[in-house]
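As given, the protein sequences belong to chains A and B, one line each in that order.
Using numbering that gives the first Met the number 0, the first residue of the first sequence is number 0, and each one after it goes up by one.
Using numbering that gives the first Met the number 0, the first residue of the second sequence is number 0, and each one after it goes up by one.
Where hints are given, some of them may not hold.
As the list claims (entries may be wrong) - Have a look at the derived ranges for each label pair, beta carbon to beta carbon:
#1 B:Arg17 <-> A:Gln118: 35 to 45 Å
#2 A:Asp52 <-> B:Gln278: 37 to 47 Å
#3 A:Ser277 <-> B:Asp71: 50 to 60 Å
#4 A:Glu250 <-> B:Asp71: 51 to 61 Å
#5 B:Gly89 <-> A:Pro143: 51 to 61 Å
#6 A:Asp116 <-> B:Lys251: 27 to 37 Å
#7 B:Pro276 <-> A:Asn120: 30 to 40 Å
#8 A:Thr346 <-> B:Arg305: 18 to 28 Å
#9 B:Arg305 <-> A:Asp116: 43 to 53 Å
#10 B:Asp71 <-> A:Lys88: 50 to 60 Å
#11 A:Pro333 <-> B:Asp190: 52 to 62 Å
#12 B:Ala318 <-> A:Gly34: 31 to 41 Å
#13 B:Glu174 <-> A:Gln280: 31 to 41 Å
As the list claims (entries may be wrong) - Straight line, CA to CA, 30 Å or less: simulated BS3-like cross-link-like pairs of lysine-lysine:
#14 B:Lys83 <-> A:Lys90
#15 B:Lys122 <-> A:Lys86
#16 A:Lys90 <-> B:Lys224
#17 B:Lys101 <-> A:Lys90
#18 B:Lys277 <-> A:Lys90
#19 A:Lys281 <-> A:Lys140
#20 B:Lys90 <-> A:Lys86
#21 A:Lys7 <-> B:Lys224
#22 A:Lys88 <-> B:Lys101
#23 A:Lys119 <-> B:Lys90
#24 B:Lys150 <-> A:Lys86
#25 B:Lys90 <-> A:Lys35
#26 B:Lys224 <-> A:Lys86
#27 A:Lys193 <-> A:Lys183
#28 A:Lys36 <-> B:Lys122
#29 B:Lys101 <-> A:Lys86
#30 B:Lys101 <-> A:Lys36
#31 A:Lys88 <-> B:Lys122
#32 A:Lys165 <-> B:Lys83
#33 A:Lys119 <-> B:Lys83
#34 A:Lys36 <-> B:Lys83
#35 A:Lys88 <-> B:Lys83
#36 B:Lys83 <-> A:Lys7
#37 A:Lys119 <-> B:Lys224
Unchecked claim - Computed list of chain B residues with no C-beta within reach of chain A, every gap over 10 Å:
#38 Gly62
#39 Gly63
#40 Gly64
No wet-lab data here; the hints were simulated from the structure.
For every residue, glycine included, the Cβ atom is placed at its ideal position computed from N, Cα and C.
Here are the chains, one letter per residue:
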Amino acid sequence: MPSPTLQKIPVTVLTGYLGAGKTTLLNRILSENHGKKYAVIVNEFGEIGIDNDLIIGADEEVFEMNNGCVCCTVRGDLVRILDGLMKRKGKFDAIIVETTGLADPAPVAQTFFVDEDVQKNARLDAVVTVADAKWLSDRLKDAPEAKNQIAFADVIVLNKTDLVSKAELTEVEARIRGINPYAKLHRTERCKVKLSDVLERGAFDLDRILDIEPDFLEAGSDHEHHDHDHHHGHDGHDHGHGGLKHYHDEEMQSLALRTDKPLDPTKFMPWLQNLVASEGQKILRSKGILAFSDDDDRYVFQGVHMMLEGDHQRKWKEGEPRESRLVFIGRELPEQIIRDGFESCITS
Amino acid sequence: MSDFEPGDQASIASVTDRVRPVAIGAAVTAIHFLGDRAAFVGAEESVALVDAEGGISRVTVHGGGILCTASDGVRIVMGGDDGKLAELNGKGEVAVLATDPKRRWIDNVALHPDGAVAWSAGKTAFVRSGKGEDKTFDMPSTVGGLAFAPKGLRVAVAHYNGVTLWFPNMAASPEFLEWAGSHLGVVFSPDNKFLVTTMHEPALHGWRLADNRHMRMSGYPGRVKSMSWSAGGKSLATSGADAVIVWPFASKDGPMGKEPTMLAPLQARVAVVACHPKQDILAAGYSDGTILMVRLEDGAEILVRRNGTAEVAALAWNAKGTLLAFAAEDGEAGLLPL
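Bound conformation, chain A alone (with noise of 0.2 Å):
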């Protein structure tokens, strides 16, 4: 039996910065033969080489909501674009949201969790980020909005790899990862990826937060290359170690957490709704498996900004670790308040 959220319509957000390959890997999407139909948001007309009268312009258009939290945004037209769309329903699979070169991902993010209309009827599925493998690197020094393209991301689509010598893709990979250690990354010239690997990929599904790891360890049967860059910083932080590159980002990272000690659901519960209520701003996503003293049940939560939605989601299994993880992905994130607070919700 399907959950019912899989019920609802998925819909893929295609991020990445100006140039980097977005509407190669639309028209791939469009054009391949899978059988299925997709609807697709985008915010220029006439790019599409595909006929297909479920293509919408959409204006981009963020609002703030009027709760007086003031990066709770969200997408307006894609309110009404989805509702439109739902009078068709049942005419198409899925549906992808192309969002400009310049565009946060947030607000995107944040209509699935905020509108009920939206929530009844669609599901976020994974934000996907196409990223120019040539260029990356600079523009993570010169543009905010391609850094949060990347710290957003569920899944990475690091194109033009033709273009850059060994060393260089080495570099930008490193550089991808001191921002975003947990998405999907996958190597492709002219977006060339299985789109299993961008698409329905239940990246926003509590159901399927099974592991939080960074990707470059279970790296491997999921990449197409196999060499050993994609096992740099296994050995931890030691920057430059073995000759293999780690980067710190000095202004975006992400922060792991993990306890085997039970956490106390009176104390944890409130300490994570005032991190984000208070940090909200700089934390982009949050995500976390938790091991509640007397509960036998495995919590999940994931967040985007300072929204979160959570549950139980199964059974500890017998001789399964009842360990609790969670990871922050954020701008200048307050890494040691964030540990102290943690640490106060470990029983004893």
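Given chain A's structure and the hints, the job is docking chain B onto it.
Chain B only, in chain A's frame:
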């Protein structure tokens, strides 16, 4: 799901046995009466015209989804995701009034009693006067709703952060009523004294047009998608809560400083409201499929349709108030003669 079981079943009158079922067989988004024929506007492509005996004839109007409709009782004007603005008259004849050159969606439409029609595509609002002259006006953001004032050629255009009052035939610059947030639907009171919008947040916002004083109408658990003026415009009935929320507009201050009346509470969300054209009665459709007729004065209820089906999608009275038409989201529909 339990059936509709009011506390004392004998106390609620039921007219469910007088309903003539109509099988539309497709999702319905709106109902309008053209004479005594009820036009069930589909979510896609076609309109089903149903006569009083229940005979159905289908007319194809759009090549895709039907996004908005308006009617003056003589014709229905509809906008579609095929970029077309189309008209359907009582004889079942279709005419295309306008085609967007970029095939943008026609998101909103409004009709004026003198024959003028207003519509919008994205940020652009259009008005065609009764004489056939076209005027366009670009808004600062996407148009959320359109309404003609009851008097004069004046169009209210709802958008992000407020409403623009546009006078298409005058050189005067448009008036701007500001209120932060996204405004999606807009209506004038029948006496032309008040303007009310539905917002993206679960709230209404209103202005008294004489002095632009604000009226904030909030407290809804869900977004308000349906509003209907009672006969004579003394009150405004709204959806969005587990009861019909009725705001008083009889005094010169409208609902300012007053509490709304809550009628016909159920364990389900009110999805659609439609006030009777002549008497102080309204019909309310709920998220669980229930339809009630409710007397505004004392809240007395009559059961029109039981619960246990898809959400009620549309309700409409004919002009004389002798027929109530309804449809649920799954296309199950009916006519109730009174």
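Each hint tested on the structure:
| no. | hint | result |
| --- | --- | --- |
| 1 | B:Arg17 <-> A:Gln118: 35 to 45 Å | holds, 38 Å |
| 2 | A:Asp52 <-> B:Gln278: 37 to 47 Å | holds, 45 Å |
| 3 | A:Ser277 <-> B:Asp71: 50 to 60 Å | holds, 54 Å |
| 4 | A:Glu250 <-> B:Asp71: 51 to 61 Å | holds, 58 Å |
| 5 | B:Gly89 <-> A:Pro143: 51 to 61 Å | holds, 58 Å |
| 6 | A:Asp116 <-> B:Lys251: 27 to 37 Å | holds, 36 Å |
| 7 | B:Pro276 <-> A:Asn120: 30 to 40 Å | holds, 33 Å |
| 8 | A:Thr346 <-> B:Arg305: 18 to 28 Å | violated, 52 Å |
| 9 | B:Arg305 <-> A:Asp116: 43 to 53 Å | violated, 25 Å |
| 10 | B:Asp71 <-> A:Lys88: 50 to 60 Å | violated, 30 Å |
| 11 | A:Pro333 <-> B:Asp190: 52 to 62 Å | holds, 57 Å |
| 12 | B:Ala318 <-> A:Gly34: 31 to 41 Å | violated, 49 Å |
| 13 | B:Glu174 <-> A:Gln280: 31 to 41 Å | holds, 36 Å |
| 14 | B:Lys83 <-> A:Lys90 | holds, 19 Å |
| 15 | B:Lys122 <-> A:Lys86 | holds, 21 Å |
| 16 | A:Lys90 <-> B:Lys224 | holds, 25 Å |
| 17 | B:Lys101 <-> A:Lys90 | holds, 22 Å |
| 18 | B:Lys277 <-> A:Lys90 | violated, 41 Å |
| 19 | A:Lys281 <-> A:Lys140 | holds, 18 Å |
| 20 | B:Lys90 <-> A:Lys86 | holds, 26 Å |
| 21 | A:Lys7 <-> B:Lys224 | holds, 22 Å |
| 22 | A:Lys88 <-> B:Lys101 | holds, 23 Å |
| 23 | A:Lys119 <-> B:Lys90 | violated, 38 Å |
| 24 | B:Lys150 <-> A:Lys86 | violated, 34 Å |
| 25 | B:Lys90 <-> A:Lys35 | violated, 40 Å |
| 26 | B:Lys224 <-> A:Lys86 | holds, 16 Å |
| 27 | A:Lys193 <-> A:Lys183 | holds, 13 Å |
| 28 | A:Lys36 <-> B:Lys122 | holds, 28 Å |
| 29 | B:Lys101 <-> A:Lys86 | holds, 21 Å |
| 30 | B:Lys101 <-> A:Lys36 | holds, 22 Å |
| 31 | A:Lys88 <-> B:Lys122 | holds, 25 Å |
| 32 | A:Lys165 <-> B:Lys83 | violated, 53 Å |
| 33 | A:Lys119 <-> B:Lys83 | holds, 28 Å |
| 34 | A:Lys36 <-> B:Lys83 | holds, 23 Å |
| 35 | A:Lys88 <-> B:Lys83 | holds, 20 Å |
| 36 | B:Lys83 <-> A:Lys7 | holds, 29 Å |
| 37 | A:Lys119 <-> B:Lys224 | holds, 15 Å |
| 38 | Gly62 | violated, 8 Å |
| 39 | Gly63 | violated, 6 Å |
| 40 | Gly64 | violated, 4 Å |
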